[in-house]
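Engineer: Counted from 1, the sequence shown has number 302 at position 302 by UniProt numbering; the numbering is strictly sequential.
Be careful, since some hints might not be right.
Have a look at the derived ranges for each label pair, beta carbon to beta carbon [to be verified]: (1) GLY84 with PRO35: 46 to 56 Å; (2) ALA271 with TYR49: 17 to 27 Å; (3) ASP33 with GLY334: 52 to 62 Å; (4) GLY39 with GLU120: 45 to 55 Å.
Don't read these hints as lab results, they were simulated from the structure. In this text, a Cβ means the ideal position worked out from N, Cα and C, and glycines have one as well.
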Amino acid sequence: MGAIITDLKMQTITDKVNHGERLTIEDGLYLFDSPDLLGIAQLANQVNYKKNGDNVYFIENMYINPTNVCEANCGFCGFKRKPGQEGAYTMDSDALLEYVEKRWNDNIREFHIVGGHNHEVPFDYYLDTIRTLKKHYPQVTVKAYTGAEIEFFSRISGLSMKEVLEELIKAGLDTLPGGGAEILTERYRLKMSPDKASTDQWLEAHEIAHNLGLKTHATMLYGSIETTEERLIHMDRLRQLQDRTNGYMVFIPLAMQPRSVSAGLKRRTTAWDDMRTLAISRLMLDNFDHIKAYWINIGVQLTQMALTFGSSDIHGTLIEERISHAVGALTSQGITRDELVYLIKSAGKTPVERDTFYNVIKTY
C-alpha cells in the first residue's frame with residue numbers, strides 16, 4: 001500500500017510541475033525524503049529544458065578578495081582574520097592592481113569581489129576598490145559585495161542601505177553576488193553567523209538593489225545545521241522576492257566545505273545530497289531562469305551530472321578562488337576555458353560563453 005500512496009504523491013507533484021503550478025514547502029519536503037532521485041532529476045531536467053534547451057552557460061571571471069579582516073564570527077569560515085592576526089591583509093589600490101595584472105587575460109568579463117567585513121577601513125575604501133578597477137578595466141563587469149556587506153557598510157558609514165547602494169552604483173557597481181545569504185532563517189543565522197545581516201536585512205539589500213535597477217545573484221549554503229525545511233523556507237523567501245522584483249538572474253546552491261582538505265567523507269555533503277538539492281532547487285524556484293552547479297564546491301564530475309539534474313550554468317574559469325579553498329575545497333582554484341567547454345560538450349550539452357547578465361558571447 002505504501003508504494004501506491006508514494007507514487008500518487010509523486011504523480012501529484014509531476015502534474016503540478018507539468019501544469020506550471022508552484023510547488024509548496026510540503027511538496028519540497030516530500031522530494032527531499034523520496035528515494036526516487038532519478039525521478040526528481042528527470043522532472044528538474046524537463047523544467048530546465050523548457051527554460052534553456054541544451055544551453056549550458058559559463059563565464060571567464062576573476063575572484064578578488066581585497067581584505068580578509070573581518071568583524072564577524074561565522075561558524076563556517078576559514079577565510080577571515082582578526083586585525084593584526086598572522087595572515088591578515090588589506091590590499092591598497094596598488095596591491096589590488098598588481099593582483100589583477102598578474103592574473104589578467106583579455107577574455108575576463110567579470111570581477112567577483114567579496115571580502116571580510118573590515119571595520120578598520122572606512123566605507124570609502126570599498127568605493128575606491130570599485131573606482132580603481134573601473135578606471136583601469138572599464139570593460140569588465142564589477143560584481144561586488146554581498147547583501148551582508150551592504151548591511152555592514154550601512155552600519156560603518158551611517159548611511160541607509162539604499163544610500164550605500166547608490167554610492168556603490170556611482171562608483172561603478174554593476175551587480176551584487178549572491179553570498180552572505182547562508183540559510184535565510186533566524187534560527188540558523190543566530191547560531192552560524194550571529195554578527196552578520198539578518199534574514200530580512202539580506203533580502204532587503206537585494207530588494208533595494210533590484211529597485212535601483214541592478215540584477216543580482218542568490219546563493220544557499222547547505223550541509224551544516226540547517227533542516228531540509230529551512231532549505232525550502234530559504235527558497236520560498238527568494239521566490240517571493242523574485243515575484244515582486246524579478247531581479248534575480250540565478251540561484252546557486254553551495255555545498256558547505258569542511259575545515260580541512262583532509263576531512264573525511266562524513267564531514268562533507270554527499271553526492272546524493274548535492275544532486276538532490278540542485279534538482280529540488282530547479283523545481284521550487286519556478287521564477288528563476290538559471291540554477292548554477294558550482295564546480296568549485298562539488299567538483300567537475302558531479303557538475304557534469306548536474307547538467308541533467310536541472311542546472312544550466314556551471315559558473316566560470318574562476319582564476320584563484322580563496323574562500324572555499326580556505327575551508328577545504330578539494331577542487332583546483334581555476335580551470336581553463338577549453339576544459340569548461342569539454343566538460344559541457346561531453347555531457348551532451350551546448351557550451352555558451354556569457355557575460356554577467358547572460359548575454360551570449362559565443363556558442364561552442
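Engineer: Tell me the numbers of any earlier hints that the structure contravenes, in ascending order.
Structural biologist: Of the numbered hints, just 3 does not hold.
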